[in-house]
Every structure is written in structure tokens, then in C-alpha cells.
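Number of protein chains: 2
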Amino acid sequence: MRHPDAIQRLINRFCALPGVGQKTAQRYAYAVVNMSDEDAKEFAEAIVQVKEEVKFCSVCGNLTDKEVCDICSTRDNSVICVVAQPKDILSIERVAGRTFVYHVLGGTLNPLEGKGPNELRIKQLLGRLDGVKEVIIATNPDVEGEATAVYLARLLKPMGIKVTRIAQGVSMGSEIEYADEVTLTRALESRTEI
Amino acid sequence: MRHPDAIQRLINRFCALPGVGQKTAQRYAYAVVNMSDEDAKEFAEAIVQVKEEVKFCSVCGNLTDKEVCDICSTRDNSVICVVAQPKDILSIERVAGRTFVYHVLGGTLNPLEGKGPNELRIKQLLGRLDGVKEVIIATNPDVEGEATAVYLARLLKPMGIKVTRIAQGVSMGSEIEYADEVTLTRALESRTEI
Numbered sequence: 001m002r003h004p005d006a007i008q009r010l011i012n013r014f015c016a017l018p019g020v021g022q023k024t025a026q027r028y029a030y031a032v033v034n035m036s037d038e039d040a041k042e043f044a045e046a047i048v049q050v051k052e053e054v055k056f057c058s059v060c061g062n063l064t065d066k067e068v069c070d071i072c073s074t075r076d077n078s079v080i081c082v083v084a085q086p087k088d089i090l091s092i093e094r095v096a097g098r099t100f101v102y103h104v105l106g107g108t109l110n111p112l113e114g115k116g117p118n119e120l121r122i123k124q125l126l127g128r129l130d131g132v133k134e135v136i137i138a139t140n141p142d143v144e145g146e147a148t149a150v151y152l153a154r155l156l157k158p159m160g161i162k163v164t165r166i167a168q169g170v171s172m173g174s175e176i177e178y179a180d181e182v183t184l185t186r187a188l189e190s191r192t193e194i
Numbered sequence: 195m196r197h198p199d200a201i202q203r204l205i206n207r208f209c210a211l212p213g214v215g216q217k218t219a220q221r222y223a224y225a226v227v228n229m230s231d232e233d234a235k236e237f238a239e240a241i242v243q244v245k246e247e248v249k250f251c252s253v254c255g256n257l258t259d260k261e262v263c264d265i266c267s268t269r270d271n272s273v274i275c276v277v278a279q280p281k282d283i284l285s286i287e288r289v290a291g292r293t294f295v296y297h298v299l300g301g302t303l304n305p306l307e308g309k310g311p312n313e314l315r316i317k318q319l320l321g322r323l324d325g326v327k328e329v330i331i332a333t334n335p336d337v338e339g340e341a342t343a344v345y346l347a348r349l350l351k352p353m354g355i356k357v358t359r360i361a362q363g364v365s366m367g368s369e370i371e372y373a374d375e376v377t378l379t380r381a382l383e384s385r386t387e388i
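Those protein sequences? They're chains A and B, same order as listed.
In case it helps, my numbering puts the first sequence at residues 1 to 194.
In case it helps, my numbering puts the second sequence at residues 195 to 388.
Here chain A stands alone, though its shape is the one from the complex:
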């Protein structure tokens, strides 16, 4: 059986969302069919408005509906936490408690995908280092994230800025038995006195 064209088009659109396959997209499309006309209209408007209203903060690159985001405009900027994507800020904010500002790189160094230093917001970072005491590099603990961290450290240290990297080790609640070798090696290397 073919879906009616309109449903098939909506299924294809839902498939463009991360982690959504045919079956899930179909479930979502049928849910839209069952929505009230008003709910569906507001759903569609919410999508359009996000594209119209949301832009990138001109200072840090985070998502915002203002010229400068709430974080940059209200906080002391002596410590900058560097992240790859805006969504990383959400996770860090949940635990960090308004102590520093952010800088979004817009990705990590990845030569295979053509992402060099010029494709990341590194120039913008260099332009906001006045009075900055520490740069915390919070890119993912994978190959690209590590390479980016090393690259930034080499760039910033000669300027007399303290550069730190989030710690890598065994996760809380995990079992050493199942920790991978790289993680366990890092955890041993970075051991701290208690």
C-alpha cells in the first residue's frame, strides 16, 4: 500500500531528523494526522520561527534570539569554556553553575571532512582573549576532539593564558572491569592524591 502523497512527504521530512528511521517517521506522521488543525499549524509555525528568530551569538557562537546571548551579556569573561557545538553548552551549564562563558567552535578539526582551523571559529576566539585568565577545552574525548584541544593549547599557551582540558577517566558508576583500555590508561595517568 502506498501512503497518500502528503503523508509520504511528511515521513521523508521526519526521516531527516537525527536517529529517525522510516518506522518512527511514519509513527510521527500519523500523530500529526491525529493532531487538531490548530496544533499542527502551530507546530509548523514553530519550525519556521526557529529559523527566523534563532541566530548565533556574535561573541560566543551559541544559539540565541538576541545579538549577544544571555550568557555573554551577563557574565564575567575571565574564564572561557571552549566547546564544539551549542548543544554541549546545555550539558555543561547543567553542572557548572554560571561560572564562566563559552566559545562555540562549530565543530572539531577533521582533515578527512575538510575541517581545518579556518573552518572553526578560532579567529573569533583569539579576538576575545583580553583579560582572559583561563581557557577550558571541553571538546569530546575522541580523536578529533583531542586533536583540536592540542591545537588550541599550542596556540594559546605562548600568549600566557592558562589552558586546561576536562579530565578523562573512568565514568562514575561504571565498572573498571568493563572500562576500555584507553580510558583506563588515562585514568591511571591522571590519578590524583586522596
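It cannot be assumed that every hint is accurate.
To be verified - Pair by pair, the computed Cβ-Cβ distance ranges are:
1. A:Val79 / B:Phe250: 57 to 65 Å
2. A:Asp142 / B:Glu246: 53 to 61 Å
3. A:Glu67 / B:Val337: 24 to 32 Å
4. B:Val337 / A:Phe56: 21 to 29 Å
5. A:Ser171 / B:Phe250: 36 to 44 Å
6. A:Asp130 / B:Glu246: 31 to 39 Å
7. B:Ser230 / A:Gly21: 19 to 27 Å
8. B:Arg269 / A:Ala16: 52 to 60 Å
9. A:Asp130 / B:Asp199: 51 to 59 Å
To be verified - Some chain A residues flagged as far from chain B (calculated, every beta-carbon gap over 12 Å):
10. Arg13
11. Lys55
12. Val59
13. Glu144
14. Met172
Derived by calculation from the structure, the hints in this document are not laboratory data.
Note that the Cβ used here is the ideal one computed from N, Cα and C, for glycine as well.
Please build the complex by placing chain B on the supplied structure of chain A, with the hints as guidance.
For chain B alone, coordinates are given in the frame of chain A:
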């Protein structure tokens, strides 16, 4: 950190989809931010168009963009398969191979939620029984689906129509050790000679 208003509104809309929580909705909303303007606009239009173009087939109640759906308008209607929801048709069509037509009840009998026979499309079923030899009842094998099947059987049998129910038993690939008692009881009761 607060999301920009437009993102929060879109997150709330995504949360209305089945099985989507805050975290997934957030992921979807960020994906929309990263879409091209055109893709986002077409996504929004697809939602509006589904509501505008998709309606219910006047004969069987399936979703369609015509007055009478493709299945009803092209197939012999001597066998009608009764289902609770349009999405059930998709699953059955995948295995049944264009052998019968459908009738969507729009739910199952559920007195606790105020769903009685008048809330289901039972009158419409009775109105299309001319020349029908068999009615297959393919509601879910749960309490409401069973009650609906029994109700329909009592209604249709006195009219001289053969009423059948999809078989219930152990699923293919499952293990008897883990089958629940009701399923195993049904499987034994409905045993067939080999």
C-alpha cells in the same frame, strides 16, 4: 541556561509526538536549527499539507487524499478485514498481498474511556455488507480488542456472514519458556494438526 523562546516552543511541539521526551525533542529542535532555510520551510509545509490533504476514506475510514481510497476503489470487497486504526492496515498489507479490503473502526470498545459501539464506525460497517462473504477481525489481542471482536461476531453472525479472528499463539522466533500464560493457553487451545 534557558533556550531561546523559539527553540523552547519547538521543543514543546516535538514533545507532543509519540515517544518523544525532552532530550529527544531538544535534539530534533537543534537539527531544525541546522537545516537549510528551504528544508525547514518544506518541513513546515509538509505538516500543514498533511492536515489539508489527508482525509478519511468515506467507505473504509483509511487515510487517503481522495474521496474513496485506492484500496476500496480497486479491489473486490467480498472479504473485509476490520482493524482498529489506519496504521494497522500498513502492517497487514505488508503480508496479505492485496486480497481483501479493510474497515477502520477508529478504536476499540473501551467503556472506561467512554468508547461504546456508537463511537466506533460500526454502523458504516453494517452498511457495506452486501455481497460480503467473510469479515476478518484484526483488532489487537488485548482486552479491548477481544471485547470488540466478540461484540462484532455476535452482531454479524446472525446475518449469515462468516466471521473470523486472526490466530493467537506463540510468536515465530520466540521461546516457549518465556511465553506468557495467556498466550501459551491460547496456543494450546488453537493447536492445529500437522
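Here is how each hint holds up against the structure:
1. A:Val79 / B:Phe250: 57 to 65 Å: About 59 Å separates the Cβ atoms of Val79 of chain A and Phe250 of chain B, which means 57 to 65 Å holds.
2. A:Asp142 / B:Glu246: 53 to 61 Å: The hinted range 53 to 61 Å is violated for Asp142 of chain A and Glu246 of chain B, with Cβ atoms some 45 Å apart.
3. A:Glu67 / B:Val337: 24 to 32 Å: violated (58 Å)
4. B:Val337 / A:Phe56: 21 to 29 Å: violated (53 Å)
5. A:Ser171 / B:Phe250: 36 to 44 Å: violated (51 Å)
6. A:Asp130 / B:Glu246: 31 to 39 Å: violated (55 Å)
7. B:Ser230 / A:Gly21: 19 to 27 Å: For Gly21 of chain A against Ser230 of chain B, whose Cβ atoms are near 22 Å apart, the range 19 to 27 Å holds.
8. B:Arg269 / A:Ala16: 52 to 60 Å: Distance hint for Arg269 of chain B, Ala16 of chain A is violated at roughly 34 Å.
9. A:Asp130 / B:Asp199: 51 to 59 Å: violated (32 Å)
10. Arg13: violated (4 Å)
11. Lys55: Per Cβ check, Lys55 of chain A is inside 12 Å of chain B; nearest 9 Å; violated.
12. Val59: Fine: 15 Å to the nearest Cβ keeps Val59 of chain A off the interface.
13. Glu144: holds (18 Å)
14. Met172: holds (19 Å)
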